[in-house]
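With the hints as extra help, turn the sequences into a complete structure.
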Amino acid sequence: MSTVKLNSIKKTYPNGAIAVRGVDMVIENSEFIVFVGPSGCGKSTMLRMIAGLETITDGEIEIDSKVINNISPADRDVAMVFQNYALYPHMTVRGNMAYGLKNRGIPKAEIDKKVIDAAKMLRIEDYLDRQPNQLSGGQRQRVAMGRAIVREPKVFLFDEPLSNLDAKLRVQMRIEIKRLQRRMGVTSIYVTHDQTEAMTLADRLAVINDGRIEQMGAPIELYNNPATLFVASFIGAPQINLIPVQFKNNKLISGDIELSGFKDLPENTELVLGIRPDVITPNKNGQLEIKVDLVEQHGADNLIYGALSGAAKADIDDTEICFKTAQGTLPDIDSVLKLHFDQKTAMIFNKESGERLI
Amino acid sequence: MKRVQFEHSSIPYLFIAPQIVIIAVFFLWPAGQAVHQSFLLEDAFGLSSQFVWFKNYTDTIGDASWLQAAWFTAVFSALVTFLSLGIALLLAVKANEVIRGARAYRTTLMWAYAIAPPVAGLMGNLMFHPLIGDLYKFLNAIGWDFNHKLDSFDAGFVVVLIAVWKQVSVNFIFFLSGLQGISKAVNEAALMDCKSPTRRFWTITFPLLAPTTFFLMVINITYAFFETFGIIDTTTGGAPGGSTNTLVYKVFQDGFRGADLGGSSAQSVVLMVIVLVLTVIQFRFIERKVHY
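Those sequence lines, one after another, are chains A and B.
Per numbering that gives the first Met the number 0, the very first residue in the first sequence carries number 0; after that it's consecutive.
Per numbering that gives the first Met the number 0, the very first residue in the second sequence carries number 0; after that it's consecutive.
Quick caveat, the hints were computed from the structure, so don't treat them as lab data.
These numbers were taken from a predicted model, which means no experiment stands behind them.
It cannot be assumed that every hint is accurate.
Pairs of lysine-lysine, DSS-like flavour, derived with a Cα cap of 27 Å [claimed, not checked]:
no., chain 1, residue 1, chain 2, residue 2
1, B, K183, A, K101
2, A, K153, B, K136
3, A, K177, A, K153
4, A, K4, B, K148
Across the chosen pairs, the derived CB separations fall in these ranges [claimed, not checked]:
no., chain 1, residue 1, chain 2, residue 2, range
5, B, V97, A, I105, 33 to 43 Å
6, B, A113, A, S64, 42 to 52 Å
7, A, K167, B, W201, 37 to 47 Å
8, A, S29, B, V97, 16 to 26 Å
9, A, G21, B, I181, 27 to 37 Å
10, B, V279, A, R181, 55 to 65 Å
11, B, V279, A, S135, 30 to 40 Å
12, A, D76, B, W201, 21 to 31 Å
13, A, K101, B, A113, 43 to 53 Å
We treat Cβ as the ideally placed atom computed from N, Cα and C, and that holds for glycine.
Below, the structure written as structure tokens:
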């Protein structure tokens with residue numbers, strides 16, 4: 000039951016590398032915040048700064064209005080779940096979960112009760128006397144969570160906790176983490192590079208790029224209204240289609256393609272047109288034309304990939320277009336398809352600055 | 000569980016043959032010889048010998064000087080093992096925490112590893128030399144009436160000091176790599192679970208180092224038993240009055256200096272049995288407490 004506040008925190012490593020370039024953030028009570036971004040963007044560093052495992056070069060971190068910059072990790076009342084579980088290999092599951100409580104001088108009876116309660120919640124009560132190396136990956140992950148839960152901390156920190164699990168287990172644990180967090184109502188910060196995890200878990204999502212927050216908000220808000228080219232391309236799977244264009248005579252032009260119906264855009268500027276794969280439909284009168292080169296059948300729907308005909312060759316993915324159709328639509332490879340998209344759903348970005356224009 | 004047996008060729012035996020030959024020539028054959036010799040009484044010139052059953056054994060083991068050597072070996076090995084492990088662990092933990100110039104510290108601490116025991120002994124000899132030895136002068140200057148040529152405690156002090164100094168670097172290397180083998184995340188998890196560094200060391204680091212410690216203990220006891228021969232030979236030579244004789248050194252003294260081949264062989268057979276028993280104890284009882 001706590002709020003976390005980051006006041007323009009910065010991190011510069013001794014070798015001069017800048018990991019975090021001044022981040023401000025307020026995390027409300029019981030909120031589930033996800034930091035998402037490509038590797039090396041500084042998201043884990045930020046989490047580790049909150050945990051106390053990295054020093055803070057500049058700025059302040061507050062938990063419940065108390066500055067914690069110089070408080071030892073053990074006294075910050077935060078608990079962390081590590082990517083590779085970080086269980087103590089020489090202790091049993093029970094020992095692992097009890098360790099943090101023992102060191103805080105909590106009476107034995109109380110520790111036992113807390114451990115049993117947490118184990119029941121995570122359905123690992125049958126494994127309490129096993130060693131970590133006798134457990135499967137999913138079970139170890141639960142123990143790692145149990146170790147955090149028994150502490151009843153003010154804040155949970157998750158550092159890519161699911162990335163070592165197989166795909167099926169990952170989905171299962173994702174749902175469980177979300178349920179658990181709802182039930183316990185503990186403020187949580189979760190770091191991931193997996194945009195599906197980010198979208199599904201977060202109350203609010205912070206997209207981080209190069210040590211800065213690109214955009215922060217509800218996941219669906221970021222999906223529908225990305226503020227920058229980076230956010231648009233990072234959020235959403237399959238990725239948004241990006242076509243390099245220029246604006247001239249109230250038309251968007253890319254090679255032989257001309258799209259009318261746009262206005263108030265700067266001329267003589269490199270622009271990028273972004274279209275989500277799910278707003279594109281095959282249509283004889285469509286604005287775009289592709290030559291199909293790959294069809295991925297996902298079951299309920301198919302993803303169709305093709306090279307955009309007539310587009311100016313640019314560095315963005317060779318202007319490969321992807322769109323989503325129902326199971327039945329199965330165009331032949333090398334066939335030519337006309338595609339339609341609703342121009343109101345299109346987004347236009349300044350290529351240079353990444354800023355969203357429409 | 001029954002293992003599946005496949006048809007196999009004799010090639011694997013060829014691969015282990017060199018090792019078998021080495022063991023046979025340098026261990027089995029001499030050991031057999033020692034056992035054989037230990038039942039014989041030989042004249043001083045080695046011209047004739049006579050079968051005397053266990054007389055050599057009863058003579059040596061009942062002997063006060065053998066018992067003294069056995070006692071010295073026990074105390075010496077315990078001290079050398081404990082001190083060299085303890086000091087090395089302390090140094091390794093501290094060196095592992097150093098961030099700036101870590102490599103310089105580590106290299107410097109490892110240097111002594113390159114020194115052979117007899118050379119270490121010679122260096123010790125110089126440092127404790129009554130005329131030119133700085134340590135000799137220093138110890139006398141601080142009020143200790145130090146003379147390792149006359150006083151058996153002082154002589155013991157010298158050999159323990161040199162043996163420990165020589166061994167610390169080896170242990171240091173192993174402890175350091177053991178420490179670096181502990182997962183960073185486990186250390187960080189401990190950091191969040193436990194505030195006291197001392198408590199963290201004894202509850203997390205030390206148990207996780209147990210395999211290294213156990214291995215080093217076996218190595219160090221062997222070292223104290225056998226390899227310190229060179230140090231003792233070059234410093235005290237068992238003096239004064241045989242008070243720094245280890246069992247190994249006494250085997251050498253009685254056999255090669257005293258020309259009592261039978262007695263010396265009997266001692267080495269006894270030594271072999273002692274080492275065997277020690278090894279069994281180590282693996283049966285201590286290894287059980289080690290978590291790999």
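Hint check:
1. In summary, the hint linking K183/B to K101/A is supported, as the alpha carbons are separated by about 22 Å, within the 27 Å threshold.
2. Restraint check for K153/A and K136/B: not satisfied, since their Cα atoms lie roughly 62 Å apart, outside the 27 Å limit.
3. A threshold of 27 Å between alpha carbons decides the hint, and for K177/A with K153/A the separation of about 17 Å falls inside it, so the pair holds.
4. Annotation: proposed proximity of K4/A to K148/B is violated, straight-line Cα distance about 72 Å (limit 27 Å).
5. For V97/B and I105/A, the Cβ-Cβ distance of about 35 Å falls inside the hinted range of 33 to 43 Å, so the restraint holds.
6. Taking the beta carbon of each, A113/B and S64/A are about 58 Å apart, not inside 42 to 52 Å as hinted.
7. Here the CB-CB span from K167/A to W201/B is close to 41 Å, well matched to the stated 37 to 47 Å.
8. Checking the proposed 16 to 26 Å range against S29/A and V97/B shows it is violated: the Cβ atoms sit about 42 Å from each other.
9. G21/A and I181/B have their C-beta atoms about 34 Å apart, which keeps the hinted 27 to 37 Å range intact.
10. Between V279/B and R181/A the Cβ separation comes to about 58 Å, which falls inside the hinted range of 55 to 65 Å.
11. Range check, V279/B to S135/A: Cβ separation about 37 Å, and the 30 to 40 Å hint holds.
12. The beta-carbon spacing between D76/A and W201/B, approximately 24 Å, falls within the hinted interval of 21 to 31 Å.
13. Between K101/A and A113/B the beta carbon distance is about 44 Å. The supplied range of 43 to 53 Å therefore holds.
The earlier numbered hints that this structure contradicts are 2, 4, 6, 8.
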